[in-house]
Amino acid sequence: MQGENLRKGTWLQEEDEQLTSFVTRLGERRWDSLAKVAGLRRSGKSCRLRWLNYLRPNLKHGPYSVEEERLIIQLQQQWGNKWSKIARRLPGRTDNEIKNYWRTHLQKRVQVQQEGEFMNKVESVAHDFNKKNIDVVSNSEGETKESSVDSFPLSDWGMGNSPYENRIFDWIVELQNGYSDKEKELGRDRKSTHEYNPQQEYDTWDYSGILWDL
DNA sequence: AAGTGTGACAACCGCGACGCG
DNA sequence: ACGCGTCGCGGTTGTCACACT
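Numbering (the working numbering), first residue to last: 2 to 215.
No lab work stands behind these hints, which were simulated from the structure alone. Mixed in with the good hints, there may be bad ones.
Unchecked claim - 30 angstroms max Cα-Cα, derived DSSO-like pairs, lysine-lysine:
1) Lys122 x Lys83
2) Lys9 x Lys100
3) Lys46 x Lys100
4) Lys100 x Lys61
The structure presented is a predicted model; accordingly, all values stated were derived computationally and were not measured.
My request is simple: use the sequences and hints to build the entire structure.
So this is what it looks like as structure tokens:
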């Protein structure tokens, strides 16, 4: 099928009817051939997507129930962005629809919730650090103290349950050592410059990158 | 009323997996 | 074993409607 003859964009009602008619007769396979036979100026891929996401019988198009939302959130946390796998647990919903719903409705809600829980833990860690009199930012000589965070397992702080919690803890260690692994890779050593001020970095650090990069 | 921003959803794209000759 | 066509998946982009200024 020649690329320049293929239509793109929103499907017309006639195209939907044509596609439905031929899929019903020929079955859900050989989409390229089916598109040709049906006289549709669409790629097989496009036909397949249109059928699976919109025309297929028994699809739900209405609003999501609380139970469906709960299931999506739970399965997304369990399996990650395995939308087709998640869709199999929600009859009548498609992977594409669930993916879109997650991005537009649920992702922000979950992030705000996790951010709140996470910041509570960070505050708790900061509090405990103060109590144990550990100075994570003043070691501008780059020496690793024995009484560092290494002496205290993540579990002691109620952290280490997820990648981002591990990451914030790694970051604390990086701060203690004076610079990050990334900067080591780049061959930079800020401690060798007079301008470097770990306390200033600590004060101006933008937490948002860590919080959103889950 | 017109322009702009934003959210929701539909559709496309790239890539890897799979089946078959 | 290899090449090719097809399929399936996840990420991204396009489009439209509505709200806001």
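Hints, verified against the model:
no. : hint           : result
1   : Lys122 x Lys83 : 29 angstroms, holds
2   : Lys9 x Lys100  : 22 angstroms, holds
3   : Lys46 x Lys100 : 19 angstroms, holds
4   : Lys100 x Lys61 : 15 angstroms, holds
Hint compliance for this structure: no hint is broken.
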